[in-house]
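Participant: Could you build all of it, start to finish, from the sequences and the hints given here?
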Amino acid sequence: TFLQTQLVNVGLNECFPFNITDIYNDDIFLTNPTTIKVNKSGVYHIIYKIPVNIEGKKNPIEQSIGLYINNVLQKNIQRTFGAIDPTYKNCMSIIGDDIIYIPENTLLQLKNNGFSNKSKNITSYNKEGRSANINIVKIG
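Positions 11 to 150 (the numbering used here) are the ones given, in order, by the sequence shown.
No lab work stands behind these hints, which were simulated from the structure alone.
Watch out, some of these pointers could steer you wrong.
When the alpha-carbon atoms are kept at most 27 Å apart in a straight line, the in silico DSSO-like pairs for lysine-lysine are as follows [as the list claims (entries may be wrong)]:
#1 K85 - K99
#2 K137 - K59
#3 K47 - K59
#4 K59 - K121
#5 K137 - K121
#6 K99 - K50
Facilitator: Here it is, written out as structure tokens:
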């Protein structure tokens with residue numbers, strides 16, 4: 011589990027950073043704030059939830075995050091907004107939940123890859139303890 015507990019602003023084609031590792035694991039770890047290394051090959055369950063501040067945005071739905079493996083976009087694993095929580099009126103979440111095969115010594119990144127030609131920054135929402143997170147679990 012990796013968390014981002016601070017407010018971050020991620021530009022178009024930039025990678026989403028994480029600042030906390032919840033459980034230390036020699037096989038899955040942060041090499042830098044935006045890159046996760048997976049040492050062992052296998053089938054992994056990857057779940058991520060990125061709360062995004064939508065206050066004042068006219069078209070927030072155009073924002074998306076793609077999963078990159080060794081700097082290659084996984085075409086069927088790209089997510090746009092998946093959940094609106096009425097308790098947090100200025101927040102929508104981009105949610106991904108996928109099972110994929112990952113080769114050994116692989117680098118994973120979540121990248122802001124908006125749909126439109128206009129630059130769309132993603133500003134995280136971190137109020138009320140709603141941190142961005144990614145969980146990577148080896149299942150096979």
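Participant: Okay, which hints does this one fail, numbers in order?
Facilitator: Violated hints: 1, 6; rest satisfied.
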